[in-house]
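Trainee: Here is what each chain is made of, one letter per residue.
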Amino acid sequence: MLLIKNGRVVDPAGRTDAALDVLLDGERIAQVSANVSAPGAEIFDAKGLVVAPGFIDLHCHLREPGQELSETIETGTRAAARGGFTAVCCMPNTQPVNDSASVTRGIVERAAAGSVRVWPIGAASLGSKGEALAEIASMKDAGIVAVSDDGKPIATARLMRQVMDYCRALDLPVIDHCEDPTLIAGGVMREGPTSVKLGLKGIPAQSETICAGRDVELAALTGARFHIAHMSTLGSLEYVRFAKRAGMRVTCEVTPHHFTLTDEDVHYNTNYKMNPPLASRADREALIQGLADGSVDAIATDHAPHHPASKDVEFDRAPFGVMGFETALGLGLSELVRPGKISLMRLVELFTTGPARVLGLERKIEAGEPADLTIFSTEHEWTYRAAESPSKSRNTPFDGRAFRGAAMATIVGGRVVYRRQAAASAS
Amino acid sequence: MLDRLQHLLGIEGLTREQITFILDQSKPFQEFQRHPLKKLATLRGKTVALAFFEPSTRTRISFATAAARLGADTMNLQAESSSLKKGESLLDTVRTLEAMRPDGIVIRHSSSGAPQFVAERLEIPVLNAGDGAHEHPTQGLLDALTIRDRKGKLDGWNVTILGDILHSRVARSNMHLLGKFGAKFTLCGPAMWVPRELECLAPNVRRVARIEEALDGADIVMVLRVQTERIHEPALAAEEYILQYQLTEERLQLARPDALVLHPGPIIRGLEIDSVVADGPQSGILEQVTNGLAVRMALLYHLVGGAPADAPHPAKERSNAAD
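Chains as they are written, first to last, in my numbering: chain X, 1314 to 1740; chain B, 909 to 1231.
Rather than coming from a laboratory, the hints here were simulated on the basis of the structure.
Virtual Cβ for every residue (Gly too), placed ideally from N, Cα, C.
There's no promise every hint is true.
Pulled from the structure, derived: some chain B residues nowhere near chain X, Cβ distances all over 10 Å [stated by the list, open to error]:
#1 Met983
#2 Gln986
#3 Asp1011
#4 Gly1188
#5 Ile1193
Not the full set, but computed from the structure, chain X residues with beta-carbon under 7 Å of chain B [claimed, not checked]:
#6 Pro1506
#7 Leu1511
#8 Leu1513
#9 Tyr1581
#10 Glu1627
#11 Phe1628
Let the sequences and hints guide you as you build the complete structure.
Mentor: Structure representation (structure tokens):
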């Protein structure tokens, strides 16, 4: 038994924000109320800390199987635990691609030794090649929570329609990396004044928006649950708003780097290169507005580790992607909550009940629920050092950044899988 | 002024004073090119690495000649024959060069930002000889020297740039440079190569669709090469380009009578420029080439030689000695 005492429970499911104790018994929550006493229970003093439902990351790359130089399930989930995540959804663009039940089972088996829960996302098409449907129903039996050909868009409207039809019947969300490849045409950053000044090939915002529009139309046609991955433009957001108003089951996520940085920050630094690329200031403002007004359902990291040597190259030759687990909460606090853009409750929602709903799950701090909790401080001051990350990669634009607020303990199934040393805190 | 300049990565970060200083320092080297014995001992014992990761003839020869005339030795790396073909990374290649202890490195690369990437990782001065579609700072400086010579000053000209501006590092360096000297720019070319964002490169930029309108009142006309190797989108038919955008003698009449015509080379006669114009009295094309030597000598002298800004000029000393 573990008794979390003196904490401030923030639970978006019941709009709870109160001083409550939480008693965990094995893998479940046993009791939530003021002044719980449980003789013999181990005590976790959460004084001054927020006790939230366990954070869920809808979008990450754990690189296993096949790209273990960059990350493994073991190292990636340790980094996730440090960021406060209790469950992470790993994209299928591994080697081999997670497009069959056997690959899914391999990931699930390996994940048993990981620090946090791993919920695999299956490929939509075989090999994510955009030709034939992957073994979606079999993968669902093996444990996938959604399908996506992330890294590339689902190539044609015809295939997307088939995927959506098939997944509607299976009640699986379809996640698309929205992008019109013919408009990207070798682009490496968002098209705009900065790309023109730097002489880097630009990717127009419309390459995302056109595909988002197509997919929303197909979601209307099929009635499927459709989710836009790492949404980065106002245009896509408007399609989501349209779909939500129409009562469609359309959702979307935004990454911390897209609500924190813009294309103006690039300066040929490959740690600022990801796809979709950093957006314009206006798009960033729109995304923050969407996070605030409820149009955006989740913050997802798109944690995309790349081996250091692969990023230590010319900008246009570097792979797309940046790490994200360990800095997501700190950026949410510093970029969204502290400037007054959103409430703390809303931030917690974007990390917990929001992503849970996308997956058709509930997330709440209540007796009988799984004992997955994220305990964080809004005040703890620390500096992110990529070199100290448990991840195998170092590709972050936030190395050396000072943060206020951090996950202090991550609890998965009643087990404390990460605890931050408070000694480092500037008290 | 130039003492604080460790590398030459682009024109964008230079001040008016730094640019003027470089041009002033180039001046005696210009005279020097006419001397029968074109060899100084100024950089004797120094080595300049010429790392050309992208094919180049004129810029490479110009830098090599500039180094030779200053007395420096050169190490040559050419894309076609280098270990890059064997998959070596840029970082490993330049570190290997650096291990041979050159005193400076001149880099040409097809990736925008590659010289900055190298400068952040090596201890020696880096001179950008053209990076992707980003900058070609020595071209900007030699164009400025040509303009200052032919027009008497650098400030306040109406500058018309013709062609594929989006993919042109020459256009960017020139816009950064002349923009600091109050130029009014008129950009003209096929619209997909002249995006609105180019207006952010300098304070006073307009875009026009018709070459006739673009040339009206121009003091300087810069003709760009059509960069077929950098164009990913379907290319324009050559006939359409010639008909709509070629700088002809007739069209040049619309510019100021004393307008100066520049082209960074290599020119494709009969495509972007008519031979009569290229070889005509208003053309500064061959002076640009000679001035390129002078500018590159000045830069190597200061960046590789580490000469203080107020040191007596080596080419002047030499002329005095010869008198």
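Trainee: Each hint: holds or not?
Mentor: Going down the list of hints, with the structure as the test:
1. Met983: With a cut-off of 10 Å, Met983 of chain B remains clear of chain X, as the shortest Cβ separation is near 21 Å.
2. Gln986: For Gln986 of chain B, whose nearest Cβ neighbour in chain X is about 18 Å away, the distance exceeds 10 Å, so it holds.
3. Asp1011: 24 Å, holds
4. Gly1188: 31 Å, holds
5. Ile1193: Nearest chain X Cβ is 24 Å from Ile1193 of chain B, so the label holds.
6. Pro1506: Hint on Pro1506 of chain X: holds, closest Cβ of chain B at ~4 Å, below 7 Å.
7. Leu1511: The hint holds - Leu1511 of chain X has a Cβ within 7 Å of chain B, the shortest such distance being about 6 Å.
8. Leu1513: 5 Å, holds
9. Tyr1581: 3 Å, holds
10. Glu1627: Where the cut-off is 7 Å and the nearest Cβ of chain B is about 4 Å from Glu1627 of chain X, the hint holds.
11. Phe1628: Because about 5 Å separates Phe1628 of chain X from the closest Cβ in chain B, which is inside the 7 Å limit, the hint holds.
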